[in-house]
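These protein sequence lines map, in sequence, to chains A and B. Counting in the working numbering, the first sequence runs from 441 upward without gaps. Counting in the working numbering, the second sequence runs from 24 upward without gaps.
Derived by calculation from the structure, the hints in this document are not laboratory data. Predicted model only: the values in this text are computed from it and were never measured. Idealized CB from N, CA, C, for every residue including glycine. Hints are supplied without guarantee of correctness; some may be wrong.
[Unchecked claim] Keeping only pairs whose Cα atoms sit at most 20 Å apart, straight-line, the calculated SDA-like set for lysine to any residue is: (1) K202/B x E635/A; (2) K231/B x A619/A; (3) K231/B x L551/A; (4) K196/B x A214/B; (5) K231/B x K53/B; (6) K202/B x P529/A; (7) K53/B x K202/B; (8) K53/B x E635/A; (9) K107/B x T92/B; (10) K231/B x T92/B; (11) K231/B x E452/A; (12) K107/B x E452/A; (13) K231/B x P550/A; (14) K515/A x G541/A; (15) K231/B x K515/A; (16) K515/A x A619/A; (17) K107/B x P550/A.
[Claimed, not checked] Derived, one-sided and incomplete: chain B residues facing chain A with beta-carbon distance under 8 Å: (18) T122; (19) L124; (20) I155.
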Amino acid sequence: MTADTPAAGSRELILSRIRAAVANAPETEIPRGYRRTRSQEGLAELLADRLDDYRATVHVVPAAQVAATVGRVLKERGVGRLVVPDGVPEEWSRAAAGEGGSQIVRDDPPLSAEELNAVDGVLTGCAVAIAETGTIVLDAGPGQGRRALTLLPDYHLCLVRIDQVAGILPEAIGRLDPARPLTWIAGPSATSDIELNRVEGVHGPRNLEVIIIDG
Amino acid sequence: MSGTFLGMPSFPRNAAAAVQDSQLRFNLRKATHTIRDRRLSVVGELPDWAELRQAGKAIKDHTLRHLDTYLLQMEEAVTRAGGKVHWAADAAEANRIVTGLVKATGETSVVKVKSMATQEIELNEALAEEGITAYETDLAELIVQLGDDFPSHILVPAIHRNRSEIREIFLSKMAEWGKPAPASLTDEPRALAEAARLHLRERFLSTKVAVSGANFMIAETGTLVVLESEGNGRMCLTLPETLISVVGIEKLLPRWQDLEVFLQLLPRSSTGERMNPYTSSWTGATEGQEFHLVLVDNGRTQVLADEVGRQALRCIRCSACLNVCPVYERAGGHAYGSVYPGPIGAILTPQLRGMGSELDRSLPYASSLCGACFDACPVAIDIPEVLVHLRSRARHARAERLGMRAAGWVFGKPGRLARAQRMGSRFRRLVPRRLPGPLGGWTDTREIPDIPAQSFRDWWEQTDGGRR
Ligand code: SF4
Numbered sequence: 441m442t443a444d445t446p447a448a449g450s451r452e453l454i455l456s457r458i459r460a461a462v463a464n465a466p467e468t469e470i471p472r473g474y475r476r477t478r479s480q481e482g483l484a485e486l487l488a489d490r491l492d493d494y495r496a497t498v499h500v501v502p503a504a505q506v507a508a509t510v511g512r513v514l515k516e517r518g519v520g521r522l523v524v525p526d527g528v529p530e531e532w533s534r535a536a537a538g539e540g541g542s543q544i545v546r547d548d549p550p551l552s553a554e555e556l557n558a559v560d561g562v563l564t565g566c567a568v569a570i571a572e573t574g575t576i577v578l579d580a581g582p583g584q585g586r587r588a589l590t591l592l593p594d595y596h597l598c599l600v601r602i603d604q605v606a607g608i609l610p611e612a613i614g615r616l617d618p619a620r621p622l623t624w625i626a627g628p629s630a631t632s633d634i635e636l637n638r639v640e641g642v643h644g645p646r647n648l649e650v651i652i653i654d655g
Numbered sequence: 024m025s026g027t028f029l030g031m032p033s034f035p036r037n038a039a040a041a042v043q044d045s046q047l048r049f050n051l052r053k054a055t056h057t058i059r060d061r062r063l064s065v066v067g068e069l070p071d072w073a074e075l076r077q078a079g080k081a082i083k084d085h086t087l088r089h090l091d092t093y094l095l096q097m098e099e100a101v102t103r104a105g106g107k108v109h110w111a112a113d114a115a116e117a118n119r120i121v122t123g124l125v126k127a128t129g130e131t132s133v134v135k136v137k138s139m140a141t142q143e144i145e146l147n148e149a150l151a152e153e154g155i156t157a158y159e160t161d162l163a164e165l166i167v168q169l170g171d172d173f174p175s176h177i178l179v180p181a182i183h184r185n186r187s188e189i190r191e192i193f194l195s196k197m198a199e200w201g202k203p204a205p206a207s208l209t210d211e212p213r214a215l216a217e218a219a220r221l222h223l224r225e226r227f228l229s230t231k232v233a234v235s236g237a238n239f240m241i242a243e244t245g246t247l248v249v250l251e252s253e254g255n256g257r258m259c260l261t262l263p264e265t266l267i268s269v270v271g272i273e274k275l276l277p278r279w280q281d282l283e284v285f286l287q288l289l290p291r292s293s294t295g296e297r298m299n300p301y302t303s304s305w306t307g308a309t310e311g312q313e314f315h316l317v318l319v320d321n322g323r324t325q326v327l328a329d330e331v332g333r334q335a336l337r338c339i340r341c342s343a344c345l346n347v348c349p350v351y352e353r354a355g356g357h358a359y360g361s362v363y364p365g366p367i368g369a370i371l372t373p374q375l376r377g378m379g380s381e382l383d384r385s386l387p388y389a390s391s392l393c394g395a396c397f398d399a400c401p402v403a404i405d406i407p408e409v410l411v412h413l414r415s416r417a418r419h420a421r422a423e424r425l426g427m428r429a430a431g432w433v434f435g436k437p438g439r440l441a442r443a444q445r446m447g448s449r450f451r452r453l454v455p456r457r458l459p460g461p462l463g464g465w466t467d468t469r470e471i472p473d474i475p476a477q478s479f480r481d482w483w484e485q486t487d488g489g490r491r
């Protein structure tokens, strides 16, 4: 068998081809002259503006008004069954279930995909948000649940505390743990595949609503 | 997909056919111009774009220089996190591995999220031969698959189809593949997207194996990253019990921190968005899933061995170079006879395949060398330089070789290039009126696109990237 036969052990073959190919290649210094931080000013407004740009519905409210806002938006939307993962503050789920509000569904024991598919919405917190790019990052941690929870229901209500908001992307990368499964969300699911017309909502939640808690 | 790219005729013949097709030309023009404008505006927003681009280029060069070390790191990290790593020297081996893994699950169908690597190795065809059906789940890929057709653009593969054609395809073909389209389906994009949502939702809930690619792999942590818009990627990555990711070995980045550069470069260059709607990352076996990573060479180490050509491996498949290319705009993606169309295809395909065919030898000529692709490229791949280099490797008439050597001199130094571009008329003479070799057929049927009177570089400087 010649050295170039895949069956000779492709791992070793590929590694040896690489070593031969780069033997005389020069070393490269990596210049990191790009911005690493941004001033903390106006983060809530910037995040709200950028999320709005990608057609999420956004509210910026002080902590004292969060419960009332949660109750109000769910009622307005008429979200019937709402899945709420463990770790979401009691106050929020109580508000969600308030008079004329949603019926709360728990993921314990874990719901099947079919059961989740029959739920109308999901309420979560987040791990990090990025103001400049209008992005929310979930890490499947407390208050967020496993990934399918924010995928199958058609409506996602996400609450972001101002201390979770990073100015720019490099700041967020530093705060995230790559060992966890991460989902970065920038606006509702979208496609531009048909003559480049943007259509919101193909497979993920078609409606994303965000409450930014500032003050 | 039933056809194969490999049996396709050469670029000039394909291009000649495509330029006759006015629907394709109209769609392509609209698409490329729309995305181009969006890209310029979001790139212009970042004060440090030039620095990000430099960092992106350097990180990729550094990774490629130490690719062996980083691949081993990746393997170790994925294994530690409960995943299994497989190595495939060529397409046949990659297909054998994936087919074997699917068979081991006892399943006969898989859902797929758009991946150029699996198109390159023609995985769907290989799976079909073993009785396994691969369902594409990107809206555009679904359109292409249902229409029994080839993708024409990296980013918007169905850009050659208009809405009424898509409606026709959905109405006539969806039933064969699963949930039929509603008989009352209109050609409104919203209605078409809804039909796709319903058609595919059923499939996501019932299919147990998924095949994906990845945009990036992080060596230090063993993390894979997928960027997407629609959510079908999240469906494939999250719901099935087994996930098989097929990834080219050049997709590596050394460190988690490096993503801070590429997650800024890619969405802005690609769809012209600050951030794409969904990005998923996972490390090893996640949330109870079984995870396999198939690392694919398939010609990449051959590209790596070419001092000039290896920069093509920096490519992050953003498609910015396609959208600024005057040849692509007129000829369309199909003319390139490969999953990699446009300027990047013209330098990557012949290198990956080794320029054995007439088509591959003609690809380095599918360019007017105007340099717009280089300016647009977020990892600064000097596509004209590689084109000229490959032309000197492809055999053709002596006179043309001489002409190209002059072009090579012009492209050798940035100053010379800028000067030559400004001296439009003189530079134009370096572009033969009738393209050499097999491309002659193409120029016989149409004019070579003119080099713009004002070079892209000058225009960029004068207008501050189009903002003035
Ligand atoms: S060559 Fe550059 S511009 Fe073209 S697809 Fe690759 S990264 Fe994008």
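Cross-check of the supplied hints:
| no. | hint | verdict |
| --- | --- | --- |
| 1 | K202/B x E635/A | 24 Å, violated |
| 2 | K231/B x A619/A | 24 Å, violated |
| 3 | K231/B x L551/A | 17 Å, holds |
| 4 | K196/B x A214/B | 16 Å, holds |
| 5 | K231/B x K53/B | 39 Å, violated |
| 6 | K202/B x P529/A | 40 Å, violated |
| 7 | K53/B x K202/B | 32 Å, violated |
| 8 | K53/B x E635/A | 8 Å, holds |
| 9 | K107/B x T92/B | 18 Å, holds |
| 10 | K231/B x T92/B | 34 Å, violated |
| 11 | K231/B x E452/A | 32 Å, violated |
| 12 | K107/B x E452/A | 17 Å, holds |
| 13 | K231/B x P550/A | 18 Å, holds |
| 14 | K515/A x G541/A | 5 Å, holds |
| 15 | K231/B x K515/A | 36 Å, violated |
| 16 | K515/A x A619/A | 37 Å, violated |
| 17 | K107/B x P550/A | 26 Å, violated |
| 18 | T122 | 15 Å, violated |
| 19 | L124 | 15 Å, violated |
| 20 | I155 | 22 Å, violated |
Of the numbered hints listed earlier, those contradicted by the structure are 1, 2, 5, 6, 7, 10, 11, 15, 16, 17, 18, 19 and 20.
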